[in-house]
Amino acid sequence: QVQLQESGPGLVKPSETLSLTCTVSGGSISSHFWNWIRQPPGKGLEWIGYIYYSGSTRYNPSLGSRLTISVDTSRNQFSLQLTSVTAADTAVYYCARDISTDDYYFDLWGRGTLVTVSS
Amino acid sequence: DIQMTQSPPSLSASVGDRVTITCRASQSISRYLNWYQQKPGKAPKLLIYAASSLQSGVPSRFSGRGSGTDFTLTISSLQPEDFATYYCQQGYNNVLTFGGGTKVEIK
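Chains P and W, in that order, are what the protein sequence lines are.
Letter 14 of the first sequence, counting from 1, is numbered 19 in my numbering, and no numbers are missing.
Letter 10 of the second sequence, counting from 1, is numbered 91 in my numbering, and no numbers are missing.
Just so you know, the hints here were simulated from the structure itself, not pulled from any lab data.
Just so you know, these numbers come straight off a predicted model, no measurement behind them.
Beta carbons are placed, not taken as given, at the ideal position from N, Cα and C, and that holds for glycine.
Just to be clear, a hint being listed does not mean it is correct.
Stated by the list, open to error - Lysine-lysine pairs mimicking DSS-like chemistry, simulated, CA-CA at most 30 Å apart: (1) Lys48(P) to Lys18(P); (2) Lys48(P) to Lys120(W); (3) Lys48(P) to Lys188(W); (4) Lys123(W) to Lys18(P); (5) Lys123(W) to Lys184(W); (6) Lys188(W) to Lys123(W); (7) Lys126(W) to Lys48(P); (8) Lys184(W) to Lys48(P); (9) Lys120(W) to Lys188(W); (10) Lys188(W) to Lys126(W); (11) Lys18(P) to Lys188(W); (12) Lys184(W) to Lys120(W).
What the hints assert, rightly or not - Examples of chain P residues lying across from chain W (beta carbon under 8 Å, computed): (13) Ser35; (14) Phe38; (15) Trp52; (16) Tyr57; (17) Asn65; (18) Pro66; (19) Arg80; (20) Tyr99; (21) Asp108; (22) Tyr110; (23) Gly117; (24) Leu119.
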């Protein structure tokens, strides 16, 4: 059974870089699309971006040039880096799998990890 | 970006009630509409994809309808475990977006 697990620091200082990793267990990362989604406390969901195992990416333009998503197929992991963070980036960050072929939806999610931006 | 508007933002209902949640897209998204259920402190769970296809393992009391800009999620007979927040999400274009959510509470 495939599972996803987010990991990374729970506290990041303003203007620094937020880095998270999602580990895929019980299956291979070498298929499907792998996504990051976030949810500020008490608010709704925001799609951040995705990466295909080949390395091709699509990002939410709202995050501009601050965002990088990468994949390490040898470790069955994909990662998120968000630079120049502010308090507005405080959220629960989820990794999620998209198995669709002509749609985009998320059938498998990690448990999520809370990242707080504060000095 | 395509804006997704859900209504109502919240509702109160009793066990056994039939509940319908609406999601409207700011432009046509064909049938690229998906529904999720989220309980407090948990990740969202996929219920419906492609507007009306039931995800494996999801009870048949959940159903979805619609195409173009207007979609609905219906719970035919609300169960205690269905009290949660429901989100729609469009998978039509380059920037995936979610609705603001509908919180289903116990009356």
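A quick look at each hint next to the structure:
1. Distance restraint check for Lys48(P) and Lys18(P): the Cα-Cα separation of roughly 22 Å lies within the 30 Å cut-off, and the hinted pair is therefore satisfied.
2. Distance check on the hinted pair: Lys48(P) and Lys120(W) sit about 13 Å apart at the alpha-carbon level, within 30 Å; holds.
3. For the given pair, Lys48(P) sits about 23 Å from Lys188(W) by alpha-carbon distance, which is consistent with the 30 Å threshold.
4. For the hint linking Lys123(W) to Lys18(P), the alpha-carbon distance of about 26 Å falls within 30 Å, and the restraint holds.
5. Proposed proximity of Lys123(W) and Lys184(W) is supported: the alpha carbons are some 14 Å apart, at most 30 Å.
6. Straight-line distance between C-alpha atoms of Lys188(W) and Lys123(W) comes to about 22 Å, which keeps the hinted pair within the 30 Å bound.
7. The suggested pairing of Lys126(W) with Lys48(P) holds, with an alpha-carbon distance near 17 Å, which does not exceed 30 Å.
8. Simply put, Lys184(W) and Lys48(P) have alpha-carbon atoms about 12 Å apart, close enough for the 30 Å limit, and the pair holds.
9. For the hint linking Lys120(W) to Lys188(W), the alpha-carbon distance of about 17 Å falls within 30 Å, and the restraint holds.
10. Between the alpha carbons of Lys188(W) and Lys126(W) the distance comes to roughly 23 Å, so the proposed pair stays at or under 30 Å and holds.
11. As the CA atoms of Lys18(P) and Lys188(W) are separated by approximately 42 Å, the hinted pair breaks the 30 Å bound.
12. A distance of roughly 10 Å separates the Cα atoms of Lys184(W) and Lys120(W); the hinted pair therefore holds under the 30 Å criterion.
13. Taken as an interface hint, Ser35(P) does not check out: its beta carbon lies about 22 Å from the nearest beta carbon of chain W, beyond 8 Å.
14. With a cut of 8 Å, the hint placing Phe38(P) at the interface with chain W is violated, because the nearest CB-to-CB distance is about 11 Å.
15. Taking 8 Å as the C-beta contact cut-off toward chain W, the hint placing Trp52(P) at the interface holds, the least distance being around 4 Å.
16. Using the Cβ-Cβ criterion of 8 Å, the hint placing Tyr57(P) at the interface with chain W is not satisfied: the shortest such distance is roughly 14 Å.
17. A distance limit of 8 Å between C-beta atoms decides the matter here; for Asn65(P) the minimum to chain W is near 6 Å, and the interface restraint holds.
18. This hint holds: Pro66(P) has a C-beta 6 Å from the nearest C-beta of chain W, less than the 8 Å allowed.
19. With a cut of 8 Å, the hint placing Arg80(P) at the interface with chain W is violated, because the nearest CB-to-CB distance is about 22 Å.
20. The closest approach between the C-beta of Tyr99(P) and any C-beta of chain W is roughly 6 Å, which is under the 8 Å cut-off, so the hint is satisfied.
21. Hint status for Asp108(P) relative to chain W: holds, with the closest Cβ pair at about 4 Å, below 8 Å.
22. At about 4 Å, the closest approach between the beta carbon of Tyr110(P) and any beta carbon in chain W falls short of 8 Å, and the interface hint on this residue holds.
23. Because the closest C-beta pair between Gly117(P) and chain W is about 5 Å apart, less than 8 Å, the hint holds.
24. Among the interface hints, the one on Leu119(P) is violated; its C-beta lies about 10 Å from the nearest C-beta in chain W, farther than the 8 Å criterion.
In summary, the structure is inconsistent with hints 11, 13, 14, 16, 19, 24 from the numbered list given earlier, while agreeing with the others.
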